[in-house]
Amino acid sequence: MNKSVLILGAKSDIAKELGKIFAKDGYDLYLAARNVNELDEYITDLKIKNNIQIQKIEFDITKIETHTEIWENIKEKIFGVILAAGYLPNQKEAEKNWNITLNTINVNYTGAVSFLNLVANSFEERKSGFIIGISSVAGDRGRKDNYIYGSTKAALTAYLSGLRARLFNSNVHVMTVKPGPVYTKMTEGLVLNPNITAIPEKVAKDIYGAYLNKKDVIYTPAFWYIIMFITKHIPEFIFKKMTIR
Amino acid sequence: MKTFSWGLYPKYNGKIINIYSKNDLIKYFNTYSNIIPYGNGRSYGDSAISDYMLASKKMNYFISFDEKNGILKCQSGVLLSEILDFIVPRGWFLSITPGTKLITIGGAIASDVHGKNHHKEGCFSNSVIELSLMLPNGDVIKVKNGDEMFLATCGGMGLTGYILDATIKLKKINSQFINQYVIKNKNLLQTFESFEKYANFTYSVAWIDCLADKKNLGKSIIMVGEFANDFDLEYKEKKKLNVPFLFPDFALNTYSVKLFNYMYYNVIENSIDRPIKVHYDKFFYPLDSINNWNRIYGKNGFTQYQFIIPKDKSFDALSEILYEIHISGKGSFLSVLKLYGKENNNYLSFPIEGYSLALDFKIDNDIFDFLDKLDKIVLKYGGRIYLTKDARLNKETFYKAYQKLDYFLKIRNQVDPNKKINSLQSRRLGL
Chain A
1 MNKSVLILGA
11 KSDIAKELGK
21 IFAKDGYDLY
31 LAARNVNELD
41 EYITDLKIKN
51 NIQIQKIEFD
61 ITKIETHTEI
71 WENIKEKIFG
81 VILAAGYLPN
91 QKEAEKNWNI
101 TLNTINVNYT
111 GAVSFLNLVA
121 NSFEERKSGF
131 IIGISSVAGD
141 RGRKDNYIYG
151 STKAALTAYL
161 SGLRARLFNS
171 NVHVMTVKPG
181 PVYTKMTEGL
191 VLNPNITAIP
201 EKVAKDIYGA
211 YLNKKDVIYT
221 PAFWYIIMFI
231 TKHIPEFIFK
241 KMTIR
Chain B
1 MKTFSWGLYP
11 KYNGKIINIY
21 SKNDLIKYFN
31 TYSNIIPYGN
41 GRSYGDSAIS
51 DYMLASKKMN
61 YFISFDEKNG
71 ILKCQSGVLL
81 SEILDFIVPR
91 GWFLSITPGT
101 KLITIGGAIA
111 SDVHGKNHHK
121 EGCFSNSVIE
131 LSLMLPNGDV
141 IKVKNGDEMF
151 LATCGGMGLT
161 GYILDATIKL
171 KKINSQFINQ
181 YVIKNKNLLQ
191 TFESFEKYAN
201 FTYSVAWIDC
211 LADKKNLGKS
221 IIMVGEFAND
231 FDLEYKEKKK
241 LNVPFLFPDF
251 ALNTYSVKLF
261 NYMYYNVIEN
271 SIDRPIKVHY
281 DKFFYPLDSI
291 NNWNRIYGKN
301 GFTQYQFIIP
311 KDKSFDALSE
321 ILYEIHISGK
331 GSFLSVLKLY
341 GKENNNYLSF
351 PIEGYSLALD
361 FKIDNDIFDF
371 LDKLDKIVLK
381 YGGRIYLTKD
391 ARLNKETFYK
401 AYQKLDYFLK
411 IRNQVDPNKK
421 INSLQSRRLG
431 L
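First to last, the sequence lines map onto chains A and B. Count the first sequence with my numbering and you get residues 1 to 245, in order. Count the second sequence with my numbering and you get residues 1 to 431, in order.
The set of hints was computed from the structure by calculation and includes no laboratory data. Among these hints, one or two may not hold up.
[As the list claims (entries may be wrong)] Computed cross-link-like contacts, EDC-like style, restricted to lysine to aspartate or glutamate with a CA-CA straight-line distance of at most 16 Å:
id : chain 1 : residue 1 : chain 2 : residue 2
1  : B       : K58       : A       : E188
2  : B       : K22       : A       : E76
3  : A       : K49       : B       : E67
4  : B       : K57       : A       : E41
5  : A       : K49       : B       : D416
6  : A       : K49       : B       : E82
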């Protein structure tokens, strides 16, 4: 039997590309997303191309009360979990509308923590598995233009870091992924700088390579490590006056 | 944002929008005008350039595959390369393939592309069993091979609607390798003789040295081949080269192209007695192994001029055109000559029975005047220009060259009377 991977937020462009790579490598997939039936064409394609099983799970990361049941039903079969669910609000709207801010926190942090807590307990007990969490470079430093999103990703990054340390001795690999901006449905309509914006295929390939090499934290594309290294070291009294896009 | 196709010319302020679903399409069809279906941006000129370019890249799923009979149904944004990766290890190949695999199946149909086997197996539409087409009013119709709408859509440059998916018939192969033979020819007459002599080979193409001396005009290397039978189908991925930046404009000039052609002609060996076994990637897609090869023409870009002349007049026409190129001294890095088979029934498909020559020209001040001059020669001999490569043809020449145009315009007026779908090319050509 193939190993199985659970992908949370399976409709995101990065998740779809990761699904393709894991499928090609012979993993069975559990695809969890809202309106998961929208993935039917994608699933048909993967099944034609690969000899694998795919299960759909109707899943809303903000519905915390459903998490336990969903996880209990599948946990025996799951070898690894990829957290790809995420929500990028319009910063200006989020500043004025609490519901948008709250939803951002719930998708990117509260919901993620709720589900990954369950996963972590199971994996710790059986001493195997992996967790890949997709955070963001935006979590490395709060910027004027997207700090509401960024702060939720900062929290997620810190959570994954702690989780990694906790599960290290249990043989569970926890990897934090920090992509820069990517051309996806999430960023469609935004004005993105083509020199630093990646395509989902590239990001997924980086993630898979890093997973095979058991990396702890990766920036993708890799040059973001340098950009963020510099960004993190700009003194606050200068940073606050800067406009970085 | 400045958008452009493979030739990097023209550059136009258009917007590329990714289409994820049928509903997306309906939304854009209802709200925008000046839209054109867009595949992988590999047509050369302005046929896929407009204000809103609706990209099919995200609609790239396989829908069904009949492994026994080699029938594949997939969405229109699937690249030929994605199909090959999947079918070759299973013993199948594309019935028809052009010289790049980095195009979408929707693009292949809209351009009704052809390849090295045209003289034997025709255009891409030959392998299309049926397709789904979204008309500009949002209706989705099934179009079967041979239908009036099929004849208008294959080669129709995306102007009849949006191709959603297609079912194609594949070709059985026993190897991923081709047995290739090479024939060197000293002049145009020899080149023509060789084409006739080796017309039984399924695949054939010639590379022409356009800058050869007057007495060697039409000097060429013909490559012919057949799939091998060694039952080696296992795919191995190879590293790609890249042209990482735009070449300076002076890099390609008469001297550098002459030097290249000289080297190429003299390094390659005649081998009509013993075939060389080459991978299908190398045989069909030699340029795909160099990413961004279009950048060697510099920032102003280039245009590919491809024309075809009826067979009985090909020799005279080509002699005349090669002579014009010779005296103009305009260097064409890549000049590809091929013998074509029978014309199909599609209204705007390019191929007719005869010889076609494709030439790349760097964009410079007097290139368009020069090409207008060549147009006149092509027209005089009853030939035509390939729309998929074109960025500059004028309406009068186009109307004279494409005799089935009226049938196309009738369909076009029926499905899109307000010309919601249009490209820079269709506006220029009055399509």
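Hint check:
1. K58/B with E188/A: holds (13 Å)
2. K22/B with E76/A: Distance ~38 Å between K22/B and E76/A Cα, so the pair is violated.
3. K49/A with E67/B: holds (11 Å)
4. K57/B with E41/A: It holds: about 14 Å lies between the C-alpha atoms, which stays within 16 Å.
5. K49/A with D416/B: With Cα atoms ~37 Å apart, K49/A and D416/B exceed 16 Å; violated.
6. K49/A with E82/B: holds (10 Å)
The structure shown violates the earlier hints numbered 2, 5.
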